[in-house]
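Respectively, the protein sequence lines represent chains A and B.
Residue numbers for the first sequence follow the working numbering, so the first one is 700 and each next one is one higher.
Residue numbers for the second sequence follow the working numbering, so the first one is 2 and each next one is one higher.
Worth flagging that the hints you see were computed from the coordinates, not collected in a lab.
Note that the structure is predicted; figures quoted are calculated from it, not measured.
Idealized CB from N, CA, C, for every residue including glycine.
Check each hint, because a few of them may be wrong.
Quick list of the computed label-pair ranges, beta carbon to beta carbon [unchecked claim]:
no. : chain 1 : residue 1 : chain 2 : residue 2 : range
1   : A       : 760       : B       : 79        : 15 to 25 Å
2   : B       : 28        : A       : 737       : 45 to 55 Å
3   : A       : 871       : B       : 14        : 29 to 39 Å
4   : A       : 841       : B       : 226       : 19 to 29 Å
5   : A       : 723       : B       : 240       : 32 to 42 Å
6   : B       : 23        : A       : 797       : 20 to 30 Å
7   : A       : 738       : B       : 144       : 41 to 51 Å
8   : A       : 767       : B       : 108       : 23 to 33 Å
Covered by chain B, according to a simulated footprint, are these stretches of chain A (three or more residues, beta-carbon under 8 Å) [as the list claims (entries may be wrong)]:
no. : segment
9   : 884-896
10  : 903-914
Chain residues, written in single-letter form:
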Amino acid sequence: MTLGNVRINVWGTVLLLGIGAGWQALAESYGSPVFPGPIQVAKAIVENRDAIAGSIGITLRRALMAFGAAAVTMVPFGILCGRLRWFGRIVDPFVEFLITVPPPAVIPLVMLFAGVGDEAKIAVIFYACAPLILVNTMEGARNTPPMLEQVARSLRFSRLKAMAQVSLPATMPAIITGIRLAIATSLLVSVTSEMLLATDGIGTFLQRSQESFEFAAGLGAIATISIAGLCINLIIKFAERRILFWYYRDGPT
Amino acid sequence: MTWAYRIFALAIVISIWEMLFWSGRIPPTYLPSAPMVGAALLGLAKSGAALQAEILTLSRALVGFALTLVLGLWLAILGWVYRPVREALGPLVELLRPIPPAALVPITVFALGSNIKLYLFVVVFVAIWPVYLTASSALSGVSPILIQTGRSFGCSRWETLWQVVLPQATPDILVSVRVSAAISFIAVVVAEMLAGRNGIGYLLFQRAFAVQTADVFGLVLLCGVNGMLFNQLVMLGSRFVAGWHLRMAEEVSR
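Looking at chain A on its own, in the form it has when it is part of the complex:
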């Protein structure tokens, strides 16, 4: 169904409202604080708005810092590994192994070295993001169509100019894929690290509310994470369309 320029997903809205109503009805019939309905959860969010806003801010800041560090180091490193074949071959097995060690498993190890503070959490998030960006950038740099490079050469581009105007744009779709995955991962791992190394942030808020049997506040924290993740995904989608408009316009080559 369309209203003016806006497309409305009727079935999706119906399902969401239906689930909400069913949940509320079920909660009402139980009538216990252990089983809050969506209205109680919304109330809990409003009551704890300062704590929740502060916590999610801390969580997002850490996620962003670690992601930024990973992007700044791994994009150039990935291009290097992709362009220098022999170097890439040496790096490959390291990445292969690192990718199989799940980030949460590293948390106890990091805890021994860096304690439970900011540095420890940022290190874990960095560890989770870095391979995603690295692998995708490497693949992209390796698979640059040789035709493009030959065109640059026959136009007598200098090496630097060819890198900036041909190689980088050609690798861009792959880099963006890695970045998209890494941003989503950074939020997930940020929350996880806060729950395991509880000091502050939305993960800790969530755990504290559960421990003190404030289930509505706990669910409120989960809802906040979900909405924050949704917003981030939408922003990335929008930015991707903006940056890679030529890629989507011409279709993948």
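Dock chain B against chain A, hints included.
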């Protein structure tokens, strides 16, 4: 050739590791040497603790992963056959997808208790999205010409699905199956860390709090090996299900 590079990489890591250890800058409580970690792993294996944890964690992850696959594919197929189902699930999926497994654990422990149900719920909740999303876009991406060809051979809608659409979508779906397998294992380890009384995740935290560094290193390595094992398992399964496609891709690349 790849193996030569792998062994070379391993040799580099171990020699840097040993150099760090023997330089004496980092106390062995924090950084045990490679043989110490090996000995710790052997000790864990002998005491039976690691083996028991390994079996528990792997079985939880495998059962959860199987359930995830069945549910995810079934949902995607349902969405292909009845378009409104796919439309309706869209916004819900976008809302549920960003929730990390760890966030679900405390409330699930309260609702379901700390048993196999907890692990299955958490695994399915977080690992189903890659399978569902990829499968449903792969199914709807199958060329209409193929579907019409199936139709003109007199296939019903379900027959078209089984004989034409699913085989065509299988290679894409298999990629997401690998992602889901990895997520299943991670989710189980996280749930064990937060709520478990056994399993690799629990053992990891217990040893870390006891500052048994060599054990912790050994268990992290074990997690890596498990990840590879899971990956190989899925690859084997893919060869079984879609060997024809992989062989074709190899022919083309040659």
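Structure-based check of each hint:
no. : hint                         : verdict
1   : A:760 with B:79: 15 to 25 Å  : 41 Å, violated
2   : B:28 with A:737: 45 to 55 Å  : 52 Å, holds
3   : A:871 with B:14: 29 to 39 Å  : 32 Å, holds
4   : A:841 with B:226: 19 to 29 Å : 27 Å, holds
5   : A:723 with B:240: 32 to 42 Å : 49 Å, violated
6   : B:23 with A:797: 20 to 30 Å  : 24 Å, holds
7   : A:738 with B:144: 41 to 51 Å : 47 Å, holds
8   : A:767 with B:108: 23 to 33 Å : 32 Å, holds
9   : 884-896                      : holds (count 7)
10  : 903-914                      : holds (count 5)
Checked against the numbered hints given earlier, the structure breaks hints 1 and 5 and satisfies all the rest.
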